[in-house]
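Peer 1: Each chain, written out:
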Amino acid sequence: MKNGQNLKITMEMSNKYTNERLQKIIQAESMNFDQDALWSAIDDQLGKRRKPLMWLWLIPGLLLVALASWMWTGQSNSNQPVGQEATVLFLDEKSNEKESASIAAVNDEIDKPSKALIANEESLEKPTESIIKKNAKGKSSITPNKKTNPNQNISSKKPDASTVINNTSSGSNIPTTLLNLNNNSANSINTEFAQPQTPILSNISDTKNTSTTPELAHSNTLNADFNNKKSLDLLMAKPSLVAYQGDEAELPVANFKKDWSLCEIREPWSFLIEAYGGFSYQLVSNSTTLINGEPNTDYLNLWEDAQSPVGGYQGGLQFVVQSPGGFEIAAGAEFQRLAEKVESERTIIERIRIFDPMAYFTIDENGNRIFMGDTVTQTRITTETRTTELRHTLLNIPIRLGYMLKTENWNVGAHLGVVLHLDYGFEGIAIMPNGSYMELNNDNQELVYQSSLGLSYSADIHLGRNISDHVELFIRPEFRYHHEPWTSDNHLLSTKIQLVQAQGGLRYRF
Amino acid sequence: MTVEQIITGCINKNRGAQKELFYSYSKSLMATAFRYTRDEFAAKDVVQESFIKIYKSINQLKTHHEGTLISWMKKITARQALRYLEQRKSFQARQTTSRSHTVESTANMQMADVMKALEMLPEGYRNVFQLNVIEGYSHKEIGAMLQIEPSTSRSQLTRARSMFYEKWSELENYYGNVK
Numbered sequence: 001m002k003n004g005q006n007l008k009i010t011m012e013m014s015n016k017y018t019n020e021r022l023q024k025i026i027q028a029e030s031m032n033f034d035q036d037a038l039w040s041a042i043d044d045q046l047g048k049r050r051k052p053l054m055w056l057w058l059i060p061g062l063l064l065v066a067l068a069s070w071m072w073t074g075q076s077n078s079n080q081p082v083g084q085e086a087t088v089l090f091l092d093e094k095s096n097e098k099e100s101a102s103i104a105a106v107n108d109e110i111d112k113p114s115k116a117l118i119a120n121e122e123s124l125e126k127p128t129e130s131i132i133k134k135n136a137k138g139k140s141s142i143t144p145n146k147k148t149n150p151n152q153n154i155s156s157k158k159p160d161a162s163t164v165i166n167n168t169s170s171g172s173n174i175p176t177t178l179l180n181l182n183n184n185s186a187n188s189i190n191t192e193f194a195q196p197q198t199p200i201l202s203n204i205s206d207t208k209n210t211s212t213t214p215e216l217a218h219s220n221t222l223n224a225d226f227n228n229k230k231s232l233d234l235l236m237a238k239p240s241l242v243a244y245q246g247d248e249a250e251l252p253v254a255n256f257k258k259d260w261s262l263c264e265i266r267e268p269w270s271f272l273i274e275a276y277g278g279f280s281y282q283l284v285s286n287s288t289t290l291i292n293g294e295p296n297t298d299y300l301n302l303w304e305d306a307q308s309p310v311g312g313y314q315g316g317l318q319f320v321v322q323s324p325g326g327f328e329i330a331a332g333a334e335f336q337r338l339a340e341k342v343e344s345e346r347t348i349i350e351r352i353r354i355f356d357p358m359a360y361f362t363i364d365e366n367g368n369r370i371f372m373g374d375t376v377t378q379t380r381i382t383t384e385t386r387t388t389e390l391r392h393t394l395l396n397i398p399i400r401l402g403y404m405l406k407t408e409n410w411n412v413g414a415h416l417g418v419v420l421h422l423d424y425g426f427e428g429i430a431i432m433p434n435g436s437y438m439e440l441n442n443d444n445q446e447l448v449y450q451s452s453l454g455l456s457y458s459a460d461i462h463l464g465r466n467i468s469d470h471v472e473l474f475i476r477p478e479f480r481y482h483h484e485p486w487t488s489d490n491h492l493l494s495t496k497i498q499l500v501q502a503q504g505g506l507r508y509r510f
Numbered sequence: 001m002t003v004e005q006i007i008t009g010c011i012n013k014n015r016g017a018q019k020e021l022f023y024s025y026s027k028s029l030m031a032t033a034f035r036y037t038r039d040e041f042a043a044k045d046v047v048q049e050s051f052i053k054i055y056k057s058i059n060q061l062k063t064h065h066e067g068t069l070i071s072w073m074k075k076i077t078a079r080q081a082l083r084y085l086e087q088r089k090s091f092q093a094r095q096t097t098s099r100s101h102t103v104e105s106t107a108n109m110q111m112a113d114v115m116k117a118l119e120m121l122p123e124g125y126r127n128v129f130q131l132n133v134i135e136g137y138s139h140k141e142i143g144a145m146l147q148i149e150p151s152t153s154r155s156q157l158t159r160a161r162s163m164f165y166e167k168w169s170e171l172e173n174y175y176g177n178v179k
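Residue numbers (the working numbering), protein chains in the order written: chain A, 1 to 510; chain B, 1 to 179.
One chain only, chain A, in its complex shape (with noise of 0.2 Å):
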């Protein structure tokens, strides 16, 4: 009777006033066990997670001090004068008045045939052929400008690329020298140099001299030469730039030198091969599709707890036409692999079974005691964590857009463009809405994972150092923006990937 009644109290009790009452007696609840093992194992845990994937960046952080370095020892090696093309500048020993006459090197095509150097008088007496020849010696040769012609651009390819016989500029590292000619000698250059369809540059630089300076071995020949001669004076004058005899062959000499707006620079269109390889890092975003309106946070919670993204790298060839402008375009192939790592986790299950003399009992609805057994069977569930790579693996076609600024040494710009993804493979495992995993490759990937993702957008900036006239060497950062969700459209969470990405190589002018 007595329980009766207290059950009709306990069941017309507030559900607010029972909640609050229990959840009173709840709050209170604490459990003794041993705290010093359990906080041991917390902190060894501790101590594990905090290792840093330092080494991730280390390699590419090393790569990029040793091509910083690399690149500055480079810079300063290039003060020594290296170059394919020269001005002479005669001099006229009554009037005390420069002539010009310009030596100058041209493109390594013109290069081959024209492997002179200045030579003594009686070379000099040829009109239409090079000014340069080898001496007495045998140490250098005349060779004729056969690949003339007034309206083709002979300079060098390169501004920066200058030959300079005898430098008077300062901080040159060739001294100047005065290199004695007769009168008629010098005539007979400035002659020379009047007759139309006649470049007044030639080369003067030695493909063949092994010396690590030829053009520096080449001064000091000259230098000894005509070290004895007293009327040619090798001066550099604004070896940048290019002139033409052309249609202005009737001009006189004098006026020639100094009237540079006949000089005009012409580039032509380039082609260019590249190599690059780097190294990229995931910056990841999950967000979770909407259980009856509400977020399924449990499983982007449990997703976010498990997979973290490591790092990846990428390699690829393109193709790259630049304008004179410094425009470009370049398209090419890439493959690009991405790694995660997931810690999933085993559990072990150890049952131990115990008799026990006392018996087991419990209440059943009534308040009676039931007999449940005289055995107690003990289950201890440990979990191990177990770390597992995950790889995305994509082949891409980059199609970039871009322009740069080029100076002597340095080739700095920009580029924009997409990365159309030609193929993507993912092989791993997988946490599943349920908390199990799920392994997954190139055949079920679509359970989790797009089969293909389209294509990303991508910036970067470009920096580039010529290391000769034919080889660039670069580093270009890069940012991938993909704004479709790598997860498939059907999966419970969407995950959407951007790249940060470093990249370096050589670009290979044709």
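Since the hints were derived computationally from the structure, they do not count as laboratory data.
Glycine residues also receive a C-beta, built at the ideal position from the N, C-alpha and C atoms.
A hint or two may mislead.
[Said to hold, decoys possible] Stretch-level coverage of chain B by chain A, calculated; a stretch enters the list once three of its residues show a Cβ under 8 Å from a Cβ in chain A:
| no. | segment |
| --- | --- |
| 1 | 1-11 |
| 2 | 23-35 |
| 3 | 72-84 |
| 4 | 139-149 |
Since the structure of chain A is already known, use the hints to place chain B on it.
Peer 2: Okay, now just chain B, sitting in the frame of chain A:
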């Protein structure tokens, strides 16, 4: 160390503060974990993982008040315990647990009654009841955690509440603890 100092220290990953937090609240969280798992070893694992998560995300705690802190930590522990139960189900490990082997509870008789009454509930009802009444989760959150519809959670709670209070009342009468 005040609660504010402990929380700030934990945000700054100060090991001393983390230790203080653990020693201050682990017994309470252990009891929470045990309510779900009904296994001491499992409860320890749950508490361990819960504390790792607590340290990792304590910077998300907006109010540095003790009540809020405890409630938040218990929610994390409950969630972790449910994950454990889910995994145990997936491995089809059935566990027979004896009340006698459990850790000594500081529980007074009231607590013992609550625990007994909870144990008498079917597991599904028990989880819904604990998550809603004790931990304070909404039905939508419970639905997401247990992968059931919120309406199912609501109906299970009604039944669970009825069963629980009935048993609780009986136990109190049985042991003469009715206040």
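Peer 1: Between the segment 139-149 of chain B and chain A, are there enough contacts, at least three residues with CB-CB distance under 8 Å, for the coverage claim to hold?
Peer 2: holds (count 7)
Peer 1: Are at least 3 residues of the segment 23-35 of chain B within less than 8 Å of chain A when you compare beta carbons?
Peer 2: holds (count 9)
Peer 1: Under 8 Å between beta-carbons, do enough residues of the segment 72-84 of chain B, three at least, approach chain A for the coverage claim to hold?
Peer 2: The restraint on the segment 72-84 of chain B holds, since 3 of its residues have a Cβ under 8 Å from chain A and three suffice.
Peer 1: Within the segment 1-11 of chain B, is the number of residues with a Cβ closer than 8 Å to a Cβ of chain A three or more?
Peer 2: violated (count 0)
The structure does not agree with numbered hint 1 stated previously, though it agrees with all others.
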